[in-house]
Every structure is written in C-alpha cells, then in structure tokens.
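Protein chains: 2
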Amino acid sequence: MRIDQPYLLFLGDAPDDLAAKTAAGIAQWRPEWCLGQLTLPGCRTTLGLPEMSIEDAAKAGVRTLVCGVANRGGVIGQAWIDVFVRALQSGMDVAAGLHERLVDIPTLAETAAMHGCKLHDVRHPQGRYPVASGALRPGHRLLTVGTDCSVGKMYTALAIEREMRARGMKADFRATGQTGILIAGDGVSVDAVVADFIAGAAETIAPANDPDHWDLVEGQGSLFHASYAGVSLGLLHGAQPDALVLCHEPNRPHMRGIPHHSLPELEACMEANLAAARVTAPATRFVGVAFNTRHLESTEAADLMAATAERLELPCVDPVRTGVGPIVDRVRADFPSAV
Amino acid sequence: MRIDQPYLLFLGDAPDDLAAKTAAGIAQWRPEWCLGQLTLPGCRTTLGLPEMSIEDAAKAGVRTLVCGVANRGGVIGQAWIDVFVRALQSGMDVAAGLHERLVDIPTLAETAAMHGCKLHDVRHPQGRYPVASGALRPGHRLLTVGTDCSVGKMYTALAIEREMRARGMKADFRATGQTGILIAGDGVSVDAVVADFIAGAAETIAPANDPDHWDLVEGQGSLFHASYAGVSLGLLHGAQPDALVLCHEPNRPHMRGIPHHSLPELEACMEANLAAARVTAPATRFVGVAFNTRHLESTEAADLMAATAERLELPCVDPVRTGVGPIVDRVRADFPSAV
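Chains G and X are the protein sequences, given in the same order.
One rule links them: number in our numbering = place in the first sequence (from 1) + 161.
One rule links them: number in our numbering = place in the second sequence (from 1) + 161.
The shape of chain G in the complex, shown without the other chains (with noise of 0.2 Å):
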C-alpha cells in the first residue's frame, strides 16, 4: 500500500472537531500534501485549508481523496459514497481507515476498476507478511512504547521524525495504525494482521537501512494493556529499537477502556519494555520520556517533568508543550555514529 500525494481531505458533515481528528493529524503533519478540505452540509469542523469541490481538486493535481473523518454507527452513507465516486471518475484513489471496507461497497469497487484508480482501507491489511526472523539488520529505529493506549505514541513519533530532519538527520515516520498510515503514506495497522505475523509485519515497514538513518516507529498500545498486550510486544520484537522513548499521560484513573485495572509505574514500565525488547535487540536503551500533560497547569507539568527527568536521569517532555528537542539531544548522545 503506497498512497499517493497530493492530498483533498474529506470532512464530510462531522458534528464536531473530535470526529476530524484524522484529518487533523494529517493537515498537522503533512501540510505540504493537502491541497484542500471538502466539507459537506452539516459540517461543524474546518482545518482553514481551502474549500475545493471534487473537480476544482482534480485541477489542482490532487491524487488521493483521503477520508480523515469517522462515520457514526460504522456504515458509510449515501452522501459519503456520491463523493468516494465522483472523486474516483474525476482519477482519484480514495483512502479510508474506516471499519467498513470502501471495497466492499460494489459502487466504489465497480468504479474504481473502471477508472483504474485504487481503493485504500488502511485499518485492514493488504498482502501476506512474513513471519520475523528475528535477525539483527542495519539502520537505527527508535520506538514509543506507552504505558497505557491512546498517550501520544503517534505524536511522539512525528514530532521527533519532525525534529531529526530540522537537524538534517536521515528520518522516517514508520506507521503502524490507521491515521498514521494517511500521515506517512504507508505502513501498516498492525493491530489488524493476523496474530502470527505482529512481528513480521513490524520488520516489513522498519526495513534495513543505512547506518544513519533513523526509523521513529508508531507504537501501539502497553504491555500492561490486558487487551492489547500481544500487539505491543510483537510490534517491540519486530522494530528491533536501538532506542525507546516511553509515553505517559499522568492521573490517568485507570487502564483505558478496562476500568479495573491501573496504569503501571513509569520504573516497572521501562524494566518491561527493556526486558522484552532485548530479545531482538539486545543493547536498546530509553533516551527520553514523553508526557502527555494536557490535563495539567503549566508549572505542575513542569514540576513533573523535572522531578521524573531527574529520578530516571533522562530527558522528559510534552511534545506539544516544550518539543522533543531533548530527547533528539540524547539521540545525538547516545549514538554519535548514527547522526
């Protein structure tokens, strides 16, 4: 799955900011591909790109209309597909990260065939991939790894790709759940292949690379999630990390989605994630901690992050508050060869 570029972002009618976060993301992170936003009546969000109709998109070169809004109730509507098939006549690929397959609406897959254009449903993989092998391989990729879902493993992974390059260092987002995918272009949810090949799926889109360059991989989930742990530790064992950087958001009550269970110590996290990882690659090492604080006032966040940065002697930060510039220091640091 490569998508191609430029991008038109399709808000549809999404009640609220929340149910546009996807497009969100991909404005934030990829302004340089997205051309414009099409909304239709109803819509309450906006991501102050410029409003293009499909045919205003299709002259202004775009490739791909993405589908960056969730649908209520999972089923994609009529007015939805009205937009999926003029997108598809006017060239287009669509891409989604929906749970409803675009493919298995006959409209859109009679289309695209016979438009030659393609069909991305990036929640659910394509193609077969390999068990790991599990065999050391050049390049260096740094992992997040979260003590609970949803802490900012994405963002975390993107702001340091963000910043590497700032720096002129060799850097690539490597995605491996379905917004990220519509970020990098490609990778893939590798919460949705089969139980068997988590690893191999992880090796596939963290390929051998040059010495200097830099693989910054998505994470998914915990090791301390009762749901999702196995996820988490076959995508550890197939990015093989030389690096880690650990994602928190504090006072969280519990688990997320699984109320009777409470989040892991940041120490016992890291022995974990150290522990596991040094399977695959034996001399990986943390060299930051990003904290999600957006529930807390400034000077106590900033309290957190020095008292933590000085109990662990590592760099600690809120990628959206202060950057992950410290963390990239200590990349630079640790690995004097690979920068």
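Keep in mind that the hints are not guaranteed to be accurate.
Sample of chain X residues at the chain G side, in silico, Cβ under 10 Å [stated by the list, open to error]: (1) LEU297; (2) ASP352; (3) ALA353; (4) VAL354; (5) ILE359; (6) GLY361; (7) TYR389; (8) GLY391; (9) GLN401; (10) HIS421; (11) HIS422; (12) ALA429; (13) GLU432; (14) ALA436; (15) ALA437.
It should be emphasised that the hints constitute simulated quantities derived from the structure, not laboratory data.
The C-beta atom is built at its ideal place from N, Cα and C for all residues, glycine as well.
Guided by the hints, dock chain X onto chain G, whose structure is given.
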C-alpha cells in the same frame, strides 16, 4: 466450532508416522472417540485402529471424518477430496487443520450444503472474538508456557488433564492450536486470530467456571521467540492463569526456526512469564517444570530433573517418562480449596 464425535481418522497416503502425528495425537488422547482409521494406497503408517470404509464408518455411527495427516505441498489432492465427498454424502462432517481450507474447495462446500453437513477448518478461526476485558473470573486455570515452540506444551496440558480426572478433579483441556482443537472437539487457533483479539479469544475458550474446576490451557510459542511472542503474551493475559507450568526441551542449539537466537535460561523465562501474567492474574505462580527429555539417556534425564527440582524448588517431570503426578500434587497443595 464444536466438532461432533465419534471420529473416523483419515490417514490418507501418509508417507511416514510424522505425517500422521495429528491423527496419532487424537488416538492417544481421545481413544474413546476414535472408531477407526481410513488409509489410501501408499499409506506407510497406522494407528492400530480398525480399517474402515466410509460406509462401515457411517454404519458404526461416526459423526466426523477427521483429516489427521499433513498434505504435501499444501494442496489437497483429488484422492482426498473424493473421500471427503463420500463422507459428506454419508452424512458425516469433515474436519481438518490444514492451511488450505476445506470450505474453499467448491465440490466440498456444495456437497456439505446439499447434505446439511459441516466443514471444520480448525486452523482458521470462525466467527468474531471480543476484545479482552481483563476482568478477574472465577474457576482455576493452568497454562503451559515454553522456553521455545514445540517443546511439549499441548502434551503437558493433556497429561495434566488426564491425571486430574483420574484423581476425580474437575478438569478440561482448552485447545489453542489445530491438533489440540481436534483432540478437544473445540477451541481456537489463537495464532490465526486478528492481533487485537488474541487475549479476547483466550478469555473465550477458558471462561468463568466453578471454583473447584481447572482449565488446562494449551500454551503457544514463547515470550522469548522473536517471531511469535505476541501470541504467547496475549494468550498469557487472556488465560489469566492461577498456575503456570514451564515446558522445556534441553540441549536445543537455538530457538526453533531462528538459528541466531539461543534459548532463555529457565529462571529468566519464569521471571518474564510471572511478570507479564501478573497484569491479569496477580497471584499467579509456577507449579512445575515439564521437560521433554527424548534426546537424553534416562539417567541423564533423571539427574537433570532432580538438579532442577532442587534449584527451582518445583516438581520437575517428563510427562512421557515420569508422568505429571508430582505437578498435580503441587497444584493440590498450593490450591487446597480448588480440588
């Protein structure tokens, strides 16, 4: 998936004993279900069961023809299909654990539909599984975990089931792989479910039960196997084991299938499994070690087990050579309210 008994075991044209090891496992652990065997010309193995034609088997009350033989080249040949068609025409279901699906062979799908019979592809999970809840559930569960793949985890769980039942305990083997499913009559191939649902599938196959009931859950892979550890961890979390048995084959030169990876020490493997299991089963503990000593002389094996038992303070057995009595003794001592 619930496979009806009794069985007729199909051996096909198996070139040697190894090719029919699935059938041999079923005959060993469920002799009361196996009314006969059916071989084709060229078959070079036997289970010692009465040879039966499809017609004989139908008269004897066989409900399912079980394909207990591996197919060469991964393709189901016409000679096999002919037998399966006759079984369906005689009112039997057909079950197989092959990579190729019976349901994908049009003749079989049509014949099954015509005669109201089922095709069981036990390697391929049917239906959907829930996301794991991680909630504590009643009943007791023992999971076999391994230093590596193919070290005797299924055999050990079955041996413990048999020993517990012989002592009048309530015990059920819970299958997580294709041979185990044919032996149990149901179960889930956890390595073939979508990654997000590994733990949920494990919760499903070993559900809440009586406080004095033991599920003996068949382990898969190893937390230390670079290819498959995600499956092992999801299964560990979903099984929520009260008790663990470590399975190990001494003197393996490397992890199965990955020559550059050596096996973990027993202590390291136990520690990793305990730490991970505590996410859903805080009080979990090891109750024994099951060695596969087939490559050792009997005195060597006995010395190894005695030395390991002293070092780890756990009963050490070889389920084939010594039986698993000492492990069940330990279970009864450690869980006096659950026997």
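Checked hints:
no.: 1; hint: LEU297; result: 7 Å, holds
no.: 2; hint: ASP352; result: 4 Å, holds
no.: 3; hint: ALA353; result: 6 Å, holds
no.: 4; hint: VAL354; result: 6 Å, holds
no.: 5; hint: ILE359; result: 4 Å, holds
no.: 6; hint: GLY361; result: 7 Å, holds
no.: 7; hint: TYR389; result: 6 Å, holds
no.: 8; hint: GLY391; result: 3 Å, holds
no.: 9; hint: GLN401; result: 9 Å, holds
no.: 10; hint: HIS421; result: 6 Å, holds
no.: 11; hint: HIS422; result: 6 Å, holds
no.: 12; hint: ALA429; result: 9 Å, holds
no.: 13; hint: GLU432; result: 8 Å, holds
no.: 14; hint: ALA436; result: 6 Å, holds
no.: 15; hint: ALA437; result: 7 Å, holds
In terms of the numbered hints stated before, the structure departs from none.
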